[in-house]
Amino acid sequence: MDTLLLAQALLLGIVEGLTEFLPVSSTGHLIVVGDLIGFHNAGKVFEIAIQFGAILAVLFLYRERFTSVVKGLASEPKAQRFAANLIVAFLPAAVIGLLFIKQIKLYLFNPISVASALVLGGLVILYAERRQHVVKVHDVDNISWREALKIGFAQVLAMIPGTSRSGATIIGGMFFGLDRKVAAEFSFFLAVPTMFAATVYDLYKHRDLLSFAELPMFAIGFVAAFLSALLAVRTLVRFVGNHSYEVFAWYRIGFGLLILATWHWGLVDWAS
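Residue numbers for the sequence shown follow our numbering, beginning at 9 and rising by one.
Accuracy of the hints is not assured; some may be wrong.
Restricting the straight-line Cα-Cα distance to at most 25 Å, the calculated cross-link-like pairs of lysine-lysine (DSS-like) are [what the hints assert, rightly or not]:
1. K86 <-> K158
2. K86 <-> K189
3. K110 <-> K189
4. K213 <-> K113
5. K189 <-> K144
6. K144 <-> K158
7. K110 <-> K79
8. K144 <-> K86
I should point out that these hints are in silico values taken from the structure, not numbers from a laboratory. Since the model is a prediction, treat every value here as computed from it, not as a measurement.
Please model the entire structure based on the sequences and the hints provided.
Have a look at this one:
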């Protein structure tokens, strides 16, 4: 397989892993970086592979929690409540995604839409951090089904590329009274059913595009996404204990404005 293609797969795997669980939009970064380096080979199937690597990173990091929930589903109210909250939060995106994802991909999956969403999302994060934040929930196990549902509807916004699934759920959780760290952890947990369902659905839909010849490219992207996601999640959990999300907001605004500026002055020929 072409060495350049493998290097592109490595780069995109790292981009997916580093951005999937940060409030900066992994889909947006993949669209922009993929367009910039001219990566169009098996695009959708490759994206599935690297997203699966990111999912496994969360499962690995929180394996004890997920194992205890599975074991306690039959008899432990705490485990049952946790699982129920994940289902409740997952449903809005599942239903609305099935209804509108084709239209969203048709009209919004391009670098300019991504850049606009990055800037707007950055402004929302700045507002969220500077408003008076009343914390009502200090532990993931104390989240009610109503709060979980609200976070689920916030996750729907992430269907717009550049918005960020983790950004929508974390900032949404903070708006709804969750502690900053609790909002981040619930976002990580919610990513598992959300991304797993999307991965299985997309894998089935694009099964005809699977090719053993491209297995090395998938493997490199998968491993890169897994390892970089491990690093990103561990770093974010430590970071949010003592810092706000403003640094991510300014990054989003700066990155988005850079894309818009290069498009406006014709410095980069972004594909539509």
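We went through each hint and held it up to the structure:
{"no.": "1", "hint": "K86 <-> K158", "in the structure": "holds (20 Å)"}
{"no.": "2", "hint": "K86 <-> K189", "in the structure": "holds (19 Å)"}
{"no.": "3", "hint": "K110 <-> K189", "in the structure": "violated (34 Å)"}
{"no.": "4", "hint": "K213 <-> K113", "in the structure": "holds (15 Å)"}
{"no.": "5", "hint": "K189 <-> K144", "in the structure": "holds (13 Å)"}
{"no.": "6", "hint": "K144 <-> K158", "in the structure": "holds (15 Å)"}
{"no.": "7", "hint": "K110 <-> K79", "in the structure": "violated (38 Å)"}
{"no.": "8", "hint": "K144 <-> K86", "in the structure": "holds (19 Å)"}
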